[in-house]
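Enquirer: Use the sequences and the hints to build the structure in full.
First to last, the protein sequences are chains U and G. Residue numbering for the first sequence follows my numbering, starting at 1 and increasing by one per position. Residue numbering for the second sequence follows my numbering, starting at 1 and increasing by one per position.
Far from chain U, by Cβ distances over 10 Å, these chain G residues were calculated:
1) W17
2) L24
3) L49
4) M81
5) A84
6) L101
7) D134
8) E135
9) N144
10) D148
11) L150
12) K155
Using 30 Å as the maximum straight-line C-alpha spacing, the simulated DSS-like pairs for lysine-lysine come out as follows:
13) U:K491 <-> G:K15
14) U:K186 <-> G:K68
15) G:K99 <-> U:K128
16) G:K20 <-> G:K45
17) U:K492 <-> G:K20
18) G:K68 <-> U:K161
19) G:K140 <-> U:K127
20) U:K28 <-> U:K54
21) G:K68 <-> U:K311
22) G:K45 <-> U:K161
23) U:K161 <-> G:K21
24) U:K186 <-> G:K45
25) U:K210 <-> U:K252
26) U:K492 <-> G:K45
27) U:K492 <-> G:K15
28) G:K142 <-> U:K128
29) G:K45 <-> U:K576
30) G:K45 <-> U:K491
31) G:K18 <-> U:K161
32) U:K161 <-> G:K15
33) G:K21 <-> U:K311
34) G:K16 <-> U:K161
35) U:K491 <-> G:K18
36) U:K311 <-> G:K18
37) U:K128 <-> G:K143
38) U:K127 <-> G:K104
39) U:K495 <-> U:K311
40) G:K143 <-> U:K127
FYI, nobody ran anything at the bench for these hints, they're computed from the structure. The beta-carbon is built from N, C-alpha and C at its ideal position, and this holds for glycine as well.
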Amino acid sequence: MYKMIEAKINGITVEVKEGTTVMEAAKKVQIKIPTLCKHPDLPPSAACGLCIVKVKGSNKMFRACCTPIEDKMEITTNDPDIVEVRKTVLELILSNHPNDCLKCGRNSNCELQSMASDFGIREDVFKKFLRDIPQDSTTGTIVLDPTKCILCGRCIEVCQKGQDVWALSFLQRGMDTRISPAGDIKLSESPCVKCGQCSAHCPTGAIFEKDDTRLVWEALKNADKYCVIQIAPAVRVAIGEAFGVVGKNLTKKLYALFRRMGFKAVFDTNFGADVTIMEEAGEFVERLLHNKGELPLITSCCPAWVDFMEKFHSDMINHFSTCKSPHEIVGTLSKTYYAEKNGIDPAKIYMVSIMPCTAKKYEITRSGEMFASGFQDIDVTITTRELSRMIKQAGIDFLNLPDEEADGLLGEYSGAGVIFGATGGVMEAALRTAYNIVTGKELEDVNFIKTRGLESIKEAEIDIKGTKIRIAVAHGLSHVEEVLNRVRQAKKEGKELPYHFIEVMACPGGCVGGGGQPYNVTDALRLKRSSAIYQDDKDKELRCSHKNPYVKKLYKDFLGKPLGEKSHKLCHTEYKARPIYIR
Amino acid sequence: MKKDRLQADLEGLVKKWKSKKGNLIMILHSIENIYGYVPRDTSLKLSRLLDVPLARIYEVITFYNYFKLEPPGKHNVSVCMGTACYLRDASSLIEEVEKILHIKEGQTTKDSMFHFDVVRCLGCCGLAPVMMIDEKVYGKVKKNEVADILSKYVKEEE
Ligand code: SF4
Ligand code: SF4
Ligand code: SF4
Ligand code: FES
Ligand code: FES
Chain U
1 MYKMIEAKIN
11 GITVEVKEGT
21 TVMEAAKKVQ
31 IKIPTLCKHP
41 DLPPSAACGL
51 CIVKVKGSNK
61 MFRACCTPIE
71 DKMEITTNDP
81 DIVEVRKTVL
91 ELILSNHPND
101 CLKCGRNSNC
111 ELQSMASDFG
121 IREDVFKKFL
131 RDIPQDSTTG
141 TIVLDPTKCI
151 LCGRCIEVCQ
161 KGQDVWALSF
171 LQRGMDTRIS
181 PAGDIKLSES
191 PCVKCGQCSA
201 HCPTGAIFEK
211 DDTRLVWEAL
221 KNADKYCVIQ
231 IAPAVRVAIG
241 EAFGVVGKNL
251 TKKLYALFRR
261 MGFKAVFDTN
271 FGADVTIMEE
281 AGEFVERLLH
291 NKGELPLITS
301 CCPAWVDFME
311 KFHSDMINHF
321 STCKSPHEIV
331 GTLSKTYYAE
341 KNGIDPAKIY
351 MVSIMPCTAK
361 KYEITRSGEM
371 FASGFQDIDV
381 TITTRELSRM
391 IKQAGIDFLN
401 LPDEEADGLL
411 GEYSGAGVIF
421 GATGGVMEAA
431 LRTAYNIVTG
441 KELEDVNFIK
451 TRGLESIKEA
461 EIDIKGTKIR
471 IAVAHGLSHV
481 EEVLNRVRQA
491 KKEGKELPYH
501 FIEVMACPGG
511 CVGGGGQPYN
521 VTDALRLKRS
531 SAIYQDDKDK
541 ELRCSHKNPY
551 VKKLYKDFLG
561 KPLGEKSHKL
571 CHTEYKARPI
581 YIR
Chain G
1 MKKDRLQADL
11 EGLVKKWKSK
21 KGNLIMILHS
31 IENIYGYVPR
41 DTSLKLSRLL
51 DVPLARIYEV
61 ITFYNYFKLE
71 PPGKHNVSVC
81 MGTACYLRDA
91 SSLIEEVEKI
101 LHIKEGQTTK
111 DSMFHFDVVR
121 CLGCCGLAPV
131 MMIDEKVYGK
141 VKKNEVADIL
151 SKYVKEEE
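Expert: In structure tokens:
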């Protein structure tokens, strides 16, 4: 039982559990305390000083973000004094900030900018002290601009604790404090896995996605190019947020949008997900029944996870599914299968993929297998946030477009294809098909509820024809080690393996919470995005990858059989151990 | 040779401190005391031996002024960038030192002869712009005098 606490905030009585902070309690009674450092996802860092409040009986001001509310406390969150102090704090923060808004990746989307607007900042009150630190765009995925850093500590919390990567840290102290990889190296020489979670949590333009939208516009303008496009599952349920619509699946509007932007063919990453499942479920069954490869099988469609594994857990390489990620498969097939079927010169095809993810920008040139078609399979990847800017630039009233369909050949998808976007989805999709391969029958109930939801490590046991299959699903890289250590331990002691199949996604919530998704993500929002995905699955007549008629056609007309020679060449990849630090 | 010794020392240090609280900072202190700085590959090894992320080690090293990341030079060259010196164009002295020694501030020359730092007010603003080598203060330094001043220290060696 929790102890309940009764206190007063601005004269309003509030009753909350013991341990609730003043800021959280205030929210309960519709009072918003300004903050630049507290993110609802993360513990308070108490860095910015904007959240100060008064407590009756004390002449000190308290930080609402990290002060637990106490019984009978009487709190004032706003009076002319408080506003004045907050304004000064903000002016001090701004004295270290270049007034660069017009050229900034966060223009109109920046927490510091809106705070300056809310507080009516009209002049530089303090002498400017700007830091002269160059931008770092060496990873080709995210850009660090430490001159815009307000030292809130969110990225560091996310990178160190949330992702367990420790690429970023605060170096030095006082006036000289700055974000940086350890020592003066570039981010590409650091352990950074390009997940982009830092960029999704940064309140300012100090970390943002590398903008590749110009490449897309240029390709569309080029008459020699045959531009095609695909969207990832998680994009369709989040892009609406940039236009004020939350938790809505906008797949068919996006298809229409892409044709209006000038794309010649519109594909869907979900189709690639169905193909990934054909290969990966096949791989799983081979390992399970025929001893061809090590168990547990571990999913590999998240490039940040792949990078993390190659750097920190390379002893697990043999457990990794060799199957390429869905968008890579659509990329390869667009320049082989689709090109062949339609008599198009694959050299002219320009493949754009829209991803919730910054790491996908890295994946497209990750290794030689990403050129399986004989060309770079995917020419450019842009994130959901970049797409929202392109829609605005194009001046298309996107939400009111009529619905359209994708180009079937690489566009039709099953319910299993779309759930890839949420944590547990790949597992669920693979089990649906693995069951069919092993038993020759169809599942009566395709829903594996236990793999869904935001619990950080999910475990379940599934009966396939008398064999008990044990699975684990982890999301957020800091939860991986625990799962892998259980496997290592069992292997070392020669005990029965704890799992047969493990799914990992780097981002909390899976790709719906991806590092390239719209800002201000919280667990509530992750759940809204995923329920739109599960709704799409539920509404589909065909819920299993192996039932997708276009997948059947692909294997009949082109690939042969799953794990066959051709799919091995086009749809699989390899891994190698990589150093954690290059310098 | 030096490398081998370093490796042996490091393992000894880690063994000594491994189970103790606050071990990281104690080990870093010992390394700094022995070598006069904390070399990057030592930090990398330490990170592996202690299973502490390199980023954490650098947070500690850069937080305390005590630790150096560069090998010490035989002579420490400092140029003051306090307000008075700044106004008297100390930045041109910095450029000049960097040009002559081929290093940036905070670095040491390859032959370990000079280490160069930019510092805050040295407390003799009347003499601005001020440059200091080891304990000796040079006041009202002109850009074209820098080379001469530095060369004295090289000659001394010969
Ligand atoms: S992209 Fe991910 S791994 Fe890289 S610095 Fe940001 S949070 Fe850390
Ligand atoms: S880079 Fe952004 S998230 Fe990281 S500390 Fe600076 S302002 Fe905060
Ligand atoms: S979970 Fe999804 S969005 Fe996040 S890094 Fe992996 S693939 Fe990208
Ligand atoms: S919100 Fe409390 S210090 Fe920033
Ligand atoms: S400012 Fe250079 S000595 Fe004071």
